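Generate coordinates for the entire structure from the input sequences, incorporating the hints supplied.
Protein chains in written order, with my numbering: chain A, 1 to 489; chain B, 490 to 978.
Hints are computed from structural coordinates only; laboratory data are not their basis.
Accuracy of the hints is not assured; some may be wrong.
16 Å max Cα-Cα, derived EDC-like pairs, lysine to aspartate or glutamate [unchecked claim]:
no., chain 1, residue 1, chain 2, residue 2
1, B, 627, A, 39
2, A, 47, B, 592
3, A, 72, B, 550
4, B, 558, A, 42
5, A, 112, B, 592
6, A, 334, B, 566
7, A, 112, B, 912
8, B, 601, A, 87
9, B, 938, B, 912
10, B, 807, B, 777
11, B, 856, B, 874
12, A, 138, B, 528
13, B, 624, A, 98
14, A, 47, B, 602
15, B, 536, A, 42
16, A, 158, B, 603
17, B, 607, A, 114
18, A, 135, B, 603
19, B, 647, A, 113
20, A, 112, B, 576
Keep in mind the model is a prediction, meaning the values are calculated, not measured.
Take a look at the letters that make up each chain.
Protein chains: 2
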Amino acid sequence: MQKKGVKDMSNDNKEFVKEITKMEDDFAQWYTDVIRKTDLIDYSPVKGFFVLKPYGYALWENIQMFLDKRFKDTGHENVYFPMLIPESLLNKEKDHVEGFAPEVAWVTIGGKEELPEKLCIRPTSETIICEMYSKWLKSYRELPYLYNQWTSVVRWEKETRPFLRHREFLWQEGHTLHETAEEAQVETLQMLDIYKELAEDFLAIPVISGIKSEKEKFAGAEATYTIEALMHDGKALQSGTSHNLAKHFAKAFDITYLDRNGKLQHPYHTSWGASTRLIGAVIMAHGDNRGLVLPPRLAPIQVVIVPVMQKKEGVLEKANELKIRLEAKGLRVKLDDSDNYSPGWKFNEYEMKGVPVRIEIGPRDIKNNVVMVARRDTLEKETFDLDTIEELISNLLDDIQKSMFNRALEEREKKTYTASNLEELKTQMETSPGFVKMMWCGERECEDKIKEEMSATIRCIPFEEENLGETCAICGEKAKHMVYVAKAY
Amino acid sequence: MQKKGVKDMSNDNKEFVKEITKMEDDFAQWYTDVIRKTDLIDYSPVKGFFVLKPYGYALWENIQMFLDKRFKDTGHENVYFPMLIPESLLNKEKDHVEGFAPEVAWVTIGGKEELPEKLCIRPTSETIICEMYSKWLKSYRELPYLYNQWTSVVRWEKETRPFLRHREFLWQEGHTLHETAEEAQVETLQMLDIYKELAEDFLAIPVISGIKSEKEKFAGAEATYTIEALMHDGKALQSGTSHNLAKHFAKAFDITYLDRNGKLQHPYHTSWGASTRLIGAVIMAHGDNRGLVLPPRLAPIQVVIVPVMQKKEGVLEKANELKIRLEAKGLRVKLDDSDNYSPGWKFNEYEMKGVPVRIEIGPRDIKNNVVMVARRDTLEKETFDLDTIEELISNLLDDIQKSMFNRALEEREKKTYTASNLEELKTQMETSPGFVKMMWCGERECEDKIKEEMSATIRCIPFEEENLGETCAICGEKAKHMVYVAKAY
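Now the structure itself:
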């Protein structure tokens, strides 16, 4: 294994790269270009309703697989609740209806007939699920309820953007019931931890975990916990939330059970969700001016094999043999032996698509019993020995996974600032946005001021607060918490 | 391994069994009782919108897993298309709109505002998918398109029944495009074959494969292929359909591409789907008066271990050890060590839930290094040696899978009749319904007559037609085909 250590610039196919706007020039356009060029998603005829194309959906399938296994390992079962919710149910929990009623889609006609009561397409399923839980639950012996569902939900957003804000998006929502407040809290935090594990270990995106302010919490929750990631442009992206709903919905929907002492009780309740927004996070936390950069554990194709001079005798046979060997190791491998594109075109194509590792194999390589290996994250190329190729590629993928995380962490740390007063906060947000740590009095007024003056929000009160001083950066009164402030998607 | 060969009647817990109506007395009630008692499904507040509870959803997950693997093995990729379809798209293909428009749900309000064009919740996705395909497809080099999606669809049915007829049901729908008519036909039949494999090898339900009559085919199809299963009550259940759509939708949606000769062409098109109806088929093809009988490959729990005298020292330890050993073999095992129910209660519970194999383990068994094993399909009990338990149980599960299929096949053969005239057909349908084979002239008039006079339908023209005579059983004119007639779900 001879390391070249040289950045590979040979395949700068200008024609291709020029179609992706540079992120330094226009980050929003860069984002749109990347998702369009890499065939992740497309716009449908209805605003905000997107088509997940095969490569985009494969990312979601891999996220699903990771989460579903973790949910089941922690005792959860999958279920399916109906997509339509009667208006009267949506109205049962006061905060919830205020939060969601303005942004739902209503079915008013079914089979040619006007419906007696309009039905909304679920914006989230607490209400229909609580209605059913209230029918089902009888005794403490049935608790906990540990259920999850994989569905789409609809929210009639004004502004929409691929992956980041859809009117219909795919997600999972967990809904659990517990005997005690402690158990509900443990569950809430356990699920947040699973999201953190997904973000950090699987998607290679470092996140800040914490609790939302009263203003930012879920409509109807006692407390909302969140993981927050930082994108290349210094904006935050909420990447998963877990809500401790206490007894709010249980009381509104009259969910009761006989406890260990034969007394009627309301159970404690949690819900938690993660969605296809995570794909937006992957694009904006790892992508570069050549396109996507996918972490190996997520990538639908982990290794692409591109034969060079593939018409020469033995090249395709050897490439195929290599594919079989790597697949036997459990790797996801594609051999692109199409004959209507040049190797150079293919190099660019798979770089753009973010495939973590490319292997080039040609007659000379075969003669020397080696292959040329290019890694997507650093664009470095190395020569690998064919005899031990499986192990070398496995190790390389592990290394890419780790170094992508470390690089993202470094970038986040570089873009994490502190502010001790409003002016500093404003200047920071205007000059180079990122996470800004500051002290906060806990009052809604100061929070509103941040929103009004710089369109930023308190992303969370982190689990690990630092002491940056004694007074609120906004009003100067006594500080209660350290918070992370950022502009956000 | 000492075979007892005695039916186990010892655990006839009357209290439990009596809650399931006998199928001989009232088949429809038996069906409802079984799904209610076994916690597969529940009614939501909206008619025809059902909740799939964990045990019911687990059946669907196992079906998904089987199909998804087969789809991917045959080169298909998953995608996701939006759930809402503008009215103008639904109207583009004439037969399709006639078939579906009367039974869709319409969204007319989004985010408090009346929509300029109403949107239907997909009853199936040909229209939205063709609209996107027409944007995407450019060249023959991109063909075939081999895509599938897992979603729910909504059809505003008048009469609804759990699993059999929902207003919202879960399914998959495949949508493919091809260069040639031959390829499209090969695809159509390949997918039907996968459904047949699912039904026969996985669900242990024998099916008749064939083609639908003009009257019964999918709205907009050139030809619809079907697999038809027979239920305990002699009614047929359509268990999967695959449509050759020729160029009907491609023309209506103007999907074109440049062919190998640089000429603009419409592609050939197929679609195919299977749904949660299959769970209804499993219940009604295998269930008995004790409840569900699940084929091992489908069963969420393949083996339940019930400890006897579980408070005696060593019993739970041994039961746990057994569980771990069986799980290491890849089996899905549950150990029910709850202490608030007697072993007898548990025996009944898991019998009702259709768990293929129950293992009883108590102090005496442990002393003798054996366990008592009961199989759900025949209710027979045997003593198994603990030393080789993994192999014995694996073989037993294989045997149950096979013998469930054979039993269902035998039953279907017993309930398959022939009729050579209208009177025979009517008498058969009235006295003991089942599949009736008959010759048919191919005319719609005769088909309508069957429907009017006995509410039965031609289920399909089977791939393997027998020659039962020269004349149509209904009109006496020259026969064109042999068909299967049945009352159907």
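*Contradicted hints - numbers only*: Numbers 2, 4, 7, 10, 13, 15 and 18, in rising order.
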